[in-house]
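Enquirer: My request is simple: use the sequences and hints to build the entire structure.
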Amino acid sequence: MMDEAALASHNQTSPSSNSRQHYIKIGKRLREARITQGLSTQDLSDCTRVSRSVIRALEAGDQTRFPEDIYLRSLVERLGKALGWDNISQELPSVKVANVLPSWYNPQLTARFNLGVTEETPVQAYMSYILLLTGLVSSLGWMAFSEWHTQAQQHNSESATVKSQQCLLNCQPGQKETGAMPTVSNGIEWSH
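Per the numbering used here, the sequence shown starts with residue 889, numbered consecutively.
Calculated directly from the structure, the hints in this document are not laboratory data.
Remember, predicted model here, so these are calculated numbers, not experimental data.
For each label pair, taking beta carbons as the anchor points, the in silico distance ranges come out as: (1) L1020 - S977: 47 to 53 Å; (2) S928 - D974: 18 to 24 Å; (3) S1034 - Y1014: 28 to 34 Å; (4) N994 - Q909: 33 to 39 Å; (5) K969 - S1027: 56 to 62 Å; (6) H1037 - N994: 51 to 57 Å; (7) P955 - L1028: 56 to 62 Å; (8) M1031 - P1010: 27 to 33 Å; (9) L1028 - E956: 54 to 60 Å; (10) S977 - A1013: 43 to 49 Å; (11) V1011 - A1040: 38 to 44 Å; (12) D931 - E965: 17 to 23 Å; (13) A1013 - D950: 58 to 64 Å.
Positions of the beta carbon are idealized from the N, C-alpha and C atoms, including for glycine.
Expert: Here you go:
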């Protein structure tokens, strides 16, 4: 087991402990700035939306009541700016990110859903590109054919309508027809 001196030495050398000590010093300076400006902790809390208990803990150096380092950093920056301490972010300890992956990330689970394809080879990339282009050209061709077919049908139906109208104009009652076309008059069909 570690004795108290070794534990204290370990706590002082750990990065979290060093940054916490730095925050204690900053908390004392923030307290001095607040008192110099004649603000109470309630006034500062109202201005910054930082709870009074956090302000008091920071000013008193009560590490047990400090939030996590990233939150503490944000709160100290907000308090410093409210007290006119513009360069406070430069005085804060740097944030060291130990791990950028979330705690729930499991690379073995992710590999299971990878389907065995680790990276594309040039042949696979070219084949994918060729298939994509073939599909695109086929789609454009089909769309053009459909448009042409629709226009041809419309043209045929329009010409059939025009021919039937011409036939009706040519086949009026009392006129002699040339050919075997029946004449329609008053709903009665006459053949000549």
